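> Residue numbers (my numbering), protein chains in the order written: chain A, 204 to 457; chain B, 204 to 457; chain C, 1084 to 1305; chain D, 1084 to 1305.
Bear in mind the hints are in silico, worked out from the structure with no lab data behind them.
Predicted model, so just to flag it, every value in this text is computed and none were measured.
A few of these clues could be false.
Straight-line alpha carbon distances no greater than 35 Å define the calculated DSBU-like cross-link-like pairs of lysine-lysine that follow [what the hints assert, rightly or not]: (1) A:297 / C:1207; (2) C:1223 / C:1207; (3) C:1223 / B:361; (4) B:361 / A:361; (5) A:297 / A:361; (6) B:361 / B:297; (7) D:1207 / B:361.
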Amino acid sequence: MINKVVATFDEAVADIPSGAMIHCGGFASPFNMPSYLIAALARQGASGLTFASTSAGTGVEIAARLRAQMAPLVDWPLDYWDLGLLADLGRMRKLITSFPAGTGRETVWPFERALERGEVELELIGQGSLAERIRAAKAGIAAFYTPVGPGTATAEGKEVRDFGGVPHVMETALPADFALVRAYRADRLGNLVFRGPRTFNQTMAGAARVTIAEVEEVVPLGELGPEAIHTPGVYVQRVVVRPSTPIPSWDTPC
Amino acid sequence: MINKVVATFDEAVADIPSGAMIHCGGFASPFNMPSYLIAALARQGASGLTFASTSAGTGVEIAARLRAQMAPLVDWPLDYWDLGLLADLGRMRKLITSFPAGTGRETVWPFERALERGEVELELIGQGSLAERIRAAKAGIAAFYTPVGPGTATAEGKEVRDFGGVPHVMETALPADFALVRAYRADRLGNLVFRGPRTFNQTMAGAARVTIAEVEEVVPLGELGPEAIHTPGVYVQRVVVRPSTPIPSWDTPC
Amino acid sequence: MPERLDLSVMAMVVAREFQDGAVVNLGIGLPLTCASYVPEGREVILHSEHGLLGNGRLAQDRSEVDPYVFIVGNRPVLAAPGMTFLSHDESFAIVRGGHIDITVLGGLQVDAAGNLANTHVPGKIAGNLGGAPDLATCAKRTVGMMYHTTRDGEPKVVERCTMPLTAVACVDRIVTDVAVMDIEAGRVVLREIAPGWSVEEVQALTGARLVVPLDLREISLG
Amino acid sequence: MPERLDLSVMAMVVAREFQDGAVVNLGIGLPLTCASYVPEGREVILHSEHGLLGNGRLAQDRSEVDPYVFIVGNRPVLAAPGMTFLSHDESFAIVRGGHIDITVLGGLQVDAAGNLANTHVPGKIAGNLGGAPDLATCAKRTVGMMYHTTRDGEPKVVERCTMPLTAVACVDRIVTDVAVMDIEAGRVVLREIAPGWSVEEVQALTGARLVVPLDLREISLG
């Protein structure tokens, strides 16, 4: 019997080695970030990691500031962690992203500081090409031509070719060893349903050798329904359920 | 106010000119074919058409035979028409497909006869590359490299290039002027929900300049739900509702 | 100098051209304001890069917030009937595939060739691209919305961008707090001018030579 | 000649290697039969090209038919818990992306290089590719399932295919009504042989030279 549900976050990320290439989903909301997987990876200690992610992440301090700012509207979760945590801990070797920096001069993200210290490498790429490169990895496409990028730094070192009189950049697939994604519900086959904008969470699920999904709950098989499933279980290797009561510190085993 | 719902099938296809390039969805079931759109196009009279479709279609006679064969299990709809009808009527100039022929020597489809008479051109391509070429058109990708095809007739005249020691064929986007697709439900924005395997119906919606969706019903805005919508309305230009009582002849205006 | 336009007026000037049924993407910063000024009686589909189509206005208080419905910039918005959620790849299939009618983007520099630079934050080690390269390149129409000059008074409309480019030859129109300009055949054409401003005053704040057509008009929202 | 294996036995021989949790695509024709012979206690996810994952068995009568749940070949099947519907492009993203563990495909010819020809129907002006090129090329494992010879007695396992190729160097194993053969380094290795058959008798029906290893076994389902 297939059962992709793993008991703990620590178990789910236990075999991620130092030097791994990792996709990390989530964007634009604290409620779609695979925070517990990120925290577990921080506890686990792997280093020299390369990440692909929309954004470099705010880190713990700035998240606390955002929590205060957002308080009139929404309770920013106490169990929110993003890649900023791993940048702060010095676990990143390289980041492939579209948003490496906080907006505004006064908001300096942990990744920016690591970049200034020369500890990490940045590969800057627009969100569309990043998304398509990851989708290409999932879909077995080695490379593709996009009209986005010619004449900009993104095209440097890449083939540029005309199609219909329009220059296109050749971008290559960006696979990963592991993908950390967050969904709403799952079943034991690894079928996923998302809530809200699906961001890179849906894009990355299936683009890595091992996709690990952090979910609110696992429901009995059949409950999600064939029309409602957003990501089929064939793309997902492990599922792990978020604690029902938030654990507010990233270094607490769970 | 946006309202993409068109009153009749005849109106929905009225502006398709002779010589147009058309995507036509549906496959493997009589219940997912955009039959009324095909019938309306047959009535409208446009000729010299190029189609991209999974299959060349059985045509009216063989559909009647299938109806008899399937009778113990399912009532094959009396209002089923596929591209075989247009091949029979001599409206096709070219077909880009993975299934040009009936299986078995005794099942000869209208397209096969048209091909024997030298009236039509065939571009044979596997379903995966056909689907990806159409998705590329929808997604603004000019061309892509797939590992499928090298060493076979599909690769003839196409660039073959190595990625990671594996030969890949460069396939180009396949856009269309019109796409004829079938869905289950729609709203006035053109948002679509499918029922059952979505075949090329979902793939083609958005890959043409004008996508026309044939649906069972149009529901009030908001009823489909943001998580349930399979194809967003930005991909769809026209929606037309199937008659509640089947019209069993293709040449009846509706 | 005469008075510059308010952000709300700038947003109205941009939003004037949102047709009924238009699919519109608004960048972070000034452009987001345009959502509140869609002309009466027109229905516009908003697109947000992370996988949201057709949302409603910004949430005003806690009672309106659904924690799952955010737009870029951590801003909760209202659900709207017909709204759709998407993946990032599908969201950019929509952008790259030419399904966005208008994108409004902030700019650090726009030049006479329609090149857009909006990546680099001065004083920062790295700039953000976000979804701007795809939006600017592939939307049917790209409007740059920005203040006419930097805080230090430097022109942002220039002959040739000096900052890293986001996308080339992509901007169709520039709306600032002083003027409306169209990029046409490698030239900056002054279309509309803020009330009280002279062509000379606008030119003095502009790094590119302005072409002044006979039908130059005063900005009006009537 | 000794008796050839039944289709059901062939299907059991193929299905033996479906591991628990395997994602399996079965081609039209003989391979579809394998769905009925998944070994007891193993859960297999069936994939069908037009956008279906995880369906149940074929419907037996009208009461079981849902007109929206068909597999390729117009055959209604039962829904199963966890089943998922997909688009054609997503369905082939799964195939091309290497997410299919085993595909079982019919063959007109398979050769010693593992090339597969299953397109051309003799006497027809055009052959069907279907999804076979993608499946044969990209599944982790490709099994050719076919009768050992044509109706006219011609060998289908050959040194070099003469018919149009569906995909090159893709077949890992061939299961026929006479033998189980593996393609290894450009050679056809005879792994198992039907009860009562001698190597010489199998070789006589085979167009490629068979390599006979020391551990050649009789086909057994135990």
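> With reference to the structure, classify each hint as holding or not holding.
Right, here's what the structure says about each hint:
| no. | hint | in the structure |
| --- | --- | --- |
| 1 | A:297 / C:1207 | 18 Å, holds |
| 2 | C:1223 / C:1207 | 32 Å, holds |
| 3 | C:1223 / B:361 | 31 Å, holds |
| 4 | B:361 / A:361 | 21 Å, holds |
| 5 | A:297 / A:361 | 19 Å, holds |
| 6 | B:361 / B:297 | 19 Å, holds |
| 7 | D:1207 / B:361 | 26 Å, holds |
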